[in-house]
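Protein chains: 2
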Amino acid sequence: MTNGQVWPKPRLQHSYDQYLKLKPDNFHFQVTGYSCDILDIQLKRYKRMLFLKAINNNEYLNSLSMNFTNEPMKMLNVLLLNPCEDYPSLNMDEKYEISINDTNGILLANSIWGILRGLETFSQLVTLDKDGSTFVIRCTSITDYPKFSHRGFLLDTSRHFYPVKSILDTLDAMSYSKLNVFHWHIVDDHSFPFQSRAFPNLSKKGAYGHSAIYTINDVKLIIEHAKILGIRVIPEFDTPGHASSWRLGGIPSLLINCSNNIDPNNFGPIDPTVQENYDFIRTLFTEVGEVFKDQYLHLGGDEVVTACWSNDKRVQAFMQNNNISNITELESYYFKNIFNITRTLETVPIVWEEVFDENIRLDPNVVVQIWKNDFNETLQKVLESGHPVLLSSCWYLNYIQYGANWMNYYSCDPSNTTTNRSDLILGGEACMWSEFVDDTNVLPFSWPSGCAVAEVLWSHVLNKTEAAARLEEHVCRMKRRGIPARPANGPNYCSY
Amino acid sequence: MTNGQVWPKPRLQHSYDQYLKLKPDNFHFQVTGYSCDILDIQLKRYKRMLFLKAINNNEYLNSLSMNFTNEPMKMLNVLLLNPCEDYPSLNMDEKYEISINDTNGILLANSIWGILRGLETFSQLVTLDKDGSTFVIRCTSITDYPKFSHRGFLLDTSRHFYPVKSILDTLDAMSYSKLNVFHWHIVDDHSFPFQSRAFPNLSKKGAYGHSAIYTINDVKLIIEHAKILGIRVIPEFDTPGHASSWRLGGIPSLLINCSNNIDPNNFGPIDPTVQENYDFIRTLFTEVGEVFKDQYLHLGGDEVVTACWSNDKRVQAFMQNNNISNITELESYYFKNIFNITRTLETVPIVWEEVFDENIRLDPNVVVQIWKNDFNETLQKVLESGHPVLLSSCWYLNYIQYGANWMNYYSCDPSNTTTNRSDLILGGEACMWSEFVDDTNVLPFSWPSGCAVAEVLWSHVLNKTEAAARLEEHVCRMKRRGIPARPANGPNYCSY
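These protein sequence lines map, in sequence, to chains A and B.
At position 216 of the first sequence the residue is numbered 216 (the UniProt record's numbering), and the sequence of numbers has no breaks.
At position 229 of the second sequence the residue is numbered 229 (the UniProt record's numbering), and the sequence of numbers has no breaks.
Bound conformation, chain A alone (with noise of 0.2 Å):
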């Protein structure tokens, strides 16, 4: 287990023989650039997480054998030399630089967002010597930067609802690692936890029960925590299928009806036929871009099951009506229509691969997210076609497997595909899917397994006997943080 090593390894980091002590009680931030509400929660908070000691006495920390400074490191400079953005972007500046000498303590960003990671980063160079009372630092000098910008993890809070609790401690877990996006797959076929203010029969009617619904101001809560935590808020309203709990909310056209004298309470995908359906999608899509302040949208589009659609006779005659002479024409046509929505919003759509697989027409800054195995055929042919791409296939952190996890995902890296377009590999995303994971054991399932996506996403190097070791202390300081990051490589023991 490392001491003071920082996960996801910073791009350039230089450490010196030397270090500083830090008390608790004479150790103070000097903000001495721009400030911000974000700045001032997040140095509180920093102050806190530098300090915190799980076990109070404990004799077996290892000895760092330091060369110490005679004066203990008493403030670090932070200096963010430009205002505050409201909220992050994918187009957000994370860039910082710390340098710790014997003097002299700095964190430097252009960005508040860079000012956070850096924050960070500087969180974990802070650990506790062997005495089990003194806090260190290593005199050190850091350039860091992330290798892709978008850098997810996705929650499904449709197949199992999790408490506002659960989606906190998410962010939380996610913002040690830097991850950037909360990919919020907030509904689908199983319940619609969303509260919507224009069609509040959705939840009402779709959520699995009363306590299973995010409220407007629920939804503000998580996207307000986020956003001091530098990480993006994307939701996906997954369409046309995967939307089998908007119906008893949605409009009585919305989802066509399949029911046969097996099955009498069959519904299949948004009818695509029914031009109210795309006034109701605007309505709600609307409401979803000023409630969620990314300007991106995750539009879903997988697994579209179309039998419901070939064997409808008015679905049949709307084709033949309109000229569209088969299913996939048919789901151009959906989609064309809902792109049509989002242009308007000036919203970014997000798809997963079938939309793309299918040939159905994508403006050139439609994203593809890829999740099927054996990703490289598919990812070659995205990048060719010149849309921004993410990756998920190998990261699927629900999968749960026996043993040491972590490095499977950590063996995946979208930055080995041979390409002249690697520019347009945006990052990717952890995806966390609740078929058999709710709030009892998402944060076990989900850490340190994505702590290794974060790291393949962020680090420009990649050891995983390097990283071993390093991920070790990540778990150990994640669970003094309140985040039950599960074993990562074998027996072990946190020892503060």
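Any given hint could turn out to be false.
No copy is singled out in the list; a pair is fine if it fits within one copy or between any two copies.
[To be verified] Heads up, simulated DSS-like pairs for lysine-lysine below, C-alpha to C-alpha not over 30 Å straight-line:
| hint | residue 1 | residue 2 |
| --- | --- | --- |
| 1 | K220 | K293 |
| 2 | K23 | K293 |
| 3 | K372 | K23 |
| 4 | K220 | K205 |
| 5 | K293 | K95 |
| 6 | K95 | K74 |
| 7 | K205 | K130 |
| 8 | K21 | K372 |
| 9 | K9 | K23 |
| 10 | K205 | K21 |
| 11 | K23 | K464 |
| 12 | K381 | K205 |
| 13 | K9 | K44 |
| 14 | K21 | K204 |
Keep in mind the hints are simulated off the structure, nothing from the lab.
We have chain A already, so just place chain B on it with the hints.
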């Protein structure tokens, strides 16, 4: 999901088409037979657990479409026919009868342990009606007793240390599924958290840290908590292998020194040639026998790496002088000495299957625990040899997999063994080895998988399809009671 059904499934149960309401402020247990502290404590505990709600404002409960009696159920007669025993044992009588009809409710058992099992069952019969405020119970008569008398759960507290709270939670969770043996794999190579009065250095030098020790009081607390749940605590002090952590705090002669140029700090199994080592073990086991109240003691005996023995010059000389012609005989010699100790202490040994496999001479009462895969042949051999046997091979809960895991564990049933000595099958144990498990994930990794093992060992008729819906309810019940049991079968929602 079922409503008010019992896990594990009772031996005989008749349900009638009549329901009684229960009101939290107008219900009590009436003790009409013997009583004792255990009963007092449990009646208070179950009074609380009968009326738990995790969610308050819910309208999504199923209607039980009931035929209600006029009068609510105001009390349950608890009729214990014999004085309480002090501690549970292998031969404890867990049989109980419950009869709930429109005029009367009675729980009857010969022993306090039967009463405890019956209270658990009674609490599971009570469920919440769809109005979200009325608790109801169906008129039912049950006669219930277990198929196997040893229904265990092994926890390895050496590879990772568990706070006492984790162990108490584990015991609670066990009791909800009528498991009755906590096999405490308390020490192993990695750490020695057991605080011995005779040899305090064992934990002082062998534990992961000073905060990673089960003090004398901790152990007492755990045993007492188990006792009031009718759970035996059988500690395992695994020798002669798996004992690296004994070295620093034991006596200098304890482990064979196997060091060489490549590994200067390599110590092998306990040295079987040194009489002081047996004296040491005798003193330790005498203390262990006093601390733990069970007649059984697990001696381990698995995975002995004998190379250190056979390569040691002194051991070779000892073998020659004592006419010990091979390493198996040397291991036999070791266990002969250990069995002499347990015989004096009137302790019944349990050993892992290797001790049987290697033809070490065993007293007839020695219990053999089978853990290796493809267990049928070994099981047959042990039964033919006349030794009592415990099965664990198919119940390694730590080997977690994606999906409805519990079904695999549920499919393994030792009573399917063809034998005329089925009386020798005492039962089995679910095992939670801690290479990749600690307090962050032990509960969701263990449950509801452990429930499946519990039902296999308790119930006489097993039906996976029927069990699935009942387990779903049991998971919600465990969550209400504070045990984070993970999803059993897929998307779902606990409605109260």
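Hints, one by one, checked against the model:
no.: 1; hint: K220 <-> K293; verdict: within (10 Å within a copy, 55 Å between copies)
no.: 2; hint: K23 <-> K293; verdict: neither (39 Å within a copy, 48 Å between copies)
no.: 3; hint: K372 <-> K23; verdict: neither (50 Å within a copy, 53 Å between copies)
no.: 4; hint: K220 <-> K205; verdict: within (22 Å within a copy, 51 Å between copies)
no.: 5; hint: K293 <-> K95; verdict: within (22 Å within a copy, 61 Å between copies)
no.: 6; hint: K95 <-> K74; verdict: within (24 Å within a copy, 68 Å between copies)
no.: 7; hint: K205 <-> K130; verdict: between (57 Å within a copy, 16 Å between copies)
no.: 8; hint: K21 <-> K372; verdict: neither (49 Å within a copy, 52 Å between copies)
no.: 9; hint: K9 <-> K23; verdict: within (26 Å within a copy, 59 Å between copies)
no.: 10; hint: K205 <-> K21; verdict: between (58 Å within a copy, 29 Å between copies)
no.: 11; hint: K23 <-> K464; verdict: neither (34 Å within a copy, 59 Å between copies)
no.: 12; hint: K381 <-> K205; verdict: neither (41 Å within a copy, 60 Å between copies)
no.: 13; hint: K9 <-> K44; verdict: within (24 Å within a copy, 53 Å between copies)
no.: 14; hint: K21 <-> K204; verdict: between (55 Å within a copy, 29 Å between copies)
In terms of the numbered hints stated before, the structure departs from hints 2, 3, 8, 11 and 12, listed from lowest to highest.
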